[in-house]
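Asks: Full structure from sequences and hints, please.
There are 2 protein chains.
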Amino acid sequence: MPNVTLKKIADELGISIATASKALKGYPDISDATKKRVLDLAEKLNYRPNSFAQSLRSSESQIIGLIIPEITHDFFAKVIHGVITCAKSNGYAVIVLQSGDSYEKEKEQLGMLLDKNVDGVLISLSNNTKDIGHIKEIKSKGIPLVLYDRIYKLLDCSKVVINDKKAAYNATTHLIHTGCKKIAHIGGNLDPQTTIDRFLGYKAAIDDSDIEYDKSLVYIAKNLSFDDGYQIAEQMMKDHKDLDGIFALTDTIATGVLMKLKEMEVQIPEQISLIGFSNWFLTSVTTPKISTVNQPGFEMGCKAFDLLFKEIQAKKHGMLFEKEIVELPTELILRNSTKPL
Amino acid sequence: MPNVTLKKIADELGISIATASKALKGYPDISDATKKRVLDLAEKLNYRPNSFAQSLRSSESQIIGLIIPEITHDFFAKVIHGVITCAKSNGYAVIVLQSGDSYEKEKEQLGMLLDKNVDGVLISLSNNTKDIGHIKEIKSKGIPLVLYDRIYKLLDCSKVVINDKKAAYNATTHLIHTGCKKIAHIGGNLDPQTTIDRFLGYKAAIDDSDIEYDKSLVYIAKNLSFDDGYQIAEQMMKDHKDLDGIFALTDTIATGVLMKLKEMEVQIPEQISLIGFSNWFLTSVTTPKISTVNQPGFEMGCKAFDLLFKEIQAKKHGMLFEKEIVELPTELILRNSTKPL
Numbered sequence: 004m005p006n007v008t009l010k011k012i013a014d015e016l017g018i019s020i021a022t023a024s025k026a027l028k029g030y031p032d033i034s035d036a037t038k039k040r041v042l043d044l045a046e047k048l049n050y051r052p053n054s055f056a057q058s059l060r061s062s063e064s065q066i067i068g069l070i071i072p073e074i075t076h077d078f079f080a081k082v083i084h085g086v087i088t089c090a091k092s093n094g095y096a097v098i099v100l101q102s103g104d105s106y107e108k109e110k111e112q113l114g115m116l117l118d119k120n121v122d123g124v125l126i127s128l129s130n131n132t133k134d135i136g137h138i139k140e141i142k143s144k145g146i147p148l149v150l151y152d153r154i155y156k157l158l159d160c161s162k163v164v165i166n167d168k169k170a171a172y173n174a175t176t177h178l179i180h181t182g183c184k185k186i187a188h189i190g191g192n193l194d195p196q197t198t199i200d201r202f203l204g205y206k207a208a209i210d211d212s213d214i215e216y217d218k219s220l221v222y223i224a225k226n227l228s229f230d231d232g233y234q235i236a237e238q239m240m241k242d243h244k245d246l247d248g249i250f251a252l253t254d255t256i257a258t259g260v261l262m263k264l265k266e267m268e269v270q271i272p273e274q275i276s277l278i279g280f281s282n283w284f285l286t287s288v289t290t291p292k293i294s295t296v297n298q299p300g301f302e303m304g305c306k307a308f309d310l311l312f313k314e315i316q317a318k319k320h321g322m323l324f325e326k327e328i329v330e331l332p333t334e335l336i337l338r339n340s341t342k343p344l
Numbered sequence: 004m005p006n007v008t009l010k011k012i013a014d015e016l017g018i019s020i021a022t023a024s025k026a027l028k029g030y031p032d033i034s035d036a037t038k039k040r041v042l043d044l045a046e047k048l049n050y051r052p053n054s055f056a057q058s059l060r061s062s063e064s065q066i067i068g069l070i071i072p073e074i075t076h077d078f079f080a081k082v083i084h085g086v087i088t089c090a091k092s093n094g095y096a097v098i099v100l101q102s103g104d105s106y107e108k109e110k111e112q113l114g115m116l117l118d119k120n121v122d123g124v125l126i127s128l129s130n131n132t133k134d135i136g137h138i139k140e141i142k143s144k145g146i147p148l149v150l151y152d153r154i155y156k157l158l159d160c161s162k163v164v165i166n167d168k169k170a171a172y173n174a175t176t177h178l179i180h181t182g183c184k185k186i187a188h189i190g191g192n193l194d195p196q197t198t199i200d201r202f203l204g205y206k207a208a209i210d211d212s213d214i215e216y217d218k219s220l221v222y223i224a225k226n227l228s229f230d231d232g233y234q235i236a237e238q239m240m241k242d243h244k245d246l247d248g249i250f251a252l253t254d255t256i257a258t259g260v261l262m263k264l265k266e267m268e269v270q271i272p273e274q275i276s277l278i279g280f281s282n283w284f285l286t287s288v289t290t291p292k293i294s295t296v297n298q299p300g301f302e303m304g305c306k307a308f309d310l311l312f313k314e315i316q317a318k319k320h321g322m323l324f325e326k327e328i329v330e331l332p333t334e335l336i337l338r339n340s341t342k343p344l
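These protein sequence lines are chains A and B, in that order.
Taking my numbering, I'd label the letters of the first sequence as residues 4 to 344.
Taking my numbering, I'd label the letters of the second sequence as residues 4 to 344.
Derived from the structure by calculation, the hints contain no laboratory data.
Among these hints, one or two may not hold up.
Intra- or inter-copy, both count: the list cannot distinguish identical chains.
Claimed, not checked - Cross-link-like lysine to aspartate or glutamate pairs, in silico, EDC-like; alpha carbons within 20 Å at most: (1) K108 / E140; (2) K185 / D247; (3) K47 / D118; (4) K91 / D104; (5) K47 / E111; (6) K169 / D200; (7) K292 / E268; (8) K292 / D230; (9) K10 / D309.
Predicted model, so just to flag it, every value in this text is computed and none were measured.
Replies: Right, dumping it as structure tokens:
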């Protein structure tokens, strides 16, 4: 079936295109009778307005771009879900792109989003993004932008985050309060901010206790992966025979650690207590179930869209927009990989 | 920075807009010297063509729509990853929508995709889609369409599937060959095709063995969820004290079953063998690790995009397009929730 145009509707009813268009949009200067005739025919002919022409007129695509580091990732999948749910209920569609933690891809993808004339961009930085010129370009073009989760602190835009430092501090403090004295941290490369802050939270908790900070207890998981955790667990047990606590940067790392320690017949939590970060579903089906920090992914996605939407609206109506930094609460989820208080 | 227009470039170089446009597109009737001047200035001014105007001219958005039942789902997350990876490498962006297994939402979302003038649509039907009028509408408008995973057999379009019946047959047969005599199946509602086929595969394997088919061994998981598996496991043990094998429709159901059986101190696989379906990562971190059927999500997403792309190209060039049904291979992954042969 060929596309039905507004002209066809106007011709068929013997009215002008302008009148047909106004009728479809419910303009008050068009009689109810005409409106009804136009709407009935439009429905009968299955008319859909040409969104390109509409966009050209309004300079709005009602499409936003979402760049995430990784899709097959419980937390980020929840974020996508939150973004598209809230976007949809405001009439926005979401183009999803994955940077795969590559700075080059992230840059290229922002270019693609600009080419598609998206009305705004939501981005969580890749772990390898050190130069933010590409992000600044978006801002310099006046395109609404919100950073979520993996942010760049110095960039002046709205952000949705959790307090990683505080969450890590609480997790490590819990290990200390349940009697752990030699607590390792498996972290990542120093970027982005989340990684830095989780390490700082760990260190602050140690510094606030009677335990002396020992940098040989800090390990780096290059890919933040299950395999990293699996390998580092073995190394840790060689380096520190009296290790009794581990705070891992992510749940995938923690799960890798758990699997290896079980193979080595280390008793968890009796010999070593373990806490992960993010509350991936899989941490609730391991034996023992892994204690972790709940990171509200759906809420983060939804909030990020809300802030972006506000900025898009402000831009549209030429109003001043106040940037916001929203911090969502986290929660320590205590399961069986840690001892009771 | 205000948007740079082609007019500005033309004005600055003292050439016509048509010449500037042709230069950017590399037309042979423009001298290399002019091309260089235009390209250099375009780069310096950070010029980006207005995609709305481009789309209006070409009637192409280079955007496709992807409707999936659920994002926070290991298999579908892999599908999204596959689609956007292959789309991106062909210059296409992907609008992702989630039906949440609701027929109403699926219908509404297809409408949104039409409004955004997507060049094509990829869809995996919701578990509650019984009427496919909305899918037929897409086809009647001549919009390229590919169904993947949860398909509707009678719809005449390209499809990417696995052989669910064969995979289920092999999984159940493995249980039989390892000595199971009383094998239950936890399935879902009768739609969509994947659910029907997995049940038929289970039943065919039983029928081909010495075991008599017993319909009281077939259970229905309404939401295909972890909680369903957890609850049904208890019911099963009450109904059939001598149960020795379970083939579950999905890995989430299988994981729920495993957790409950462990709580009930049922020995797995000694007393009951268990096989899931999909090869979610979490099945590899439970104790015991769960045997399952690997379903190639990334490959399915990539292949679905390929077929859609072929159809878009054929439509663009007015060529005939041969619909294809691609069946991707699956693999039985044997772990510790089943006995060795």
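Asks: Each hint should be assessed against the structure and marked as holding or not.
Replies: Evaluated hints:
1. K108 / E140: within (16 Å within a copy, 36 Å between copies)
2. K185 / D247: The answer is within: 5 Å in one copy meets 20 Å, while 45 Å across copies does not.
3. K47 / D118: between (35 Å within a copy, 17 Å between copies)
4. K91 / D104: between (27 Å within a copy, 16 Å between copies)
5. K47 / E111: The answer is between: 18 Å across copies meets 20 Å, while 43 Å in one copy does not.
6. K169 / D200: Within one copy only: 8 Å inside, 50 Å across.
7. K292 / E268: Result: close both inside a copy and across copies, 16 Å intra and 17 Å inter.
8. K292 / D230: both (19 Å within a copy, 16 Å between copies)
9. K10 / D309: Answer is neither: 37 Å inside a copy and 36 Å across each miss the 20 Å cutoff.
Going through the hint list in order, the structure does not satisfy hint 9, though it satisfies all others.
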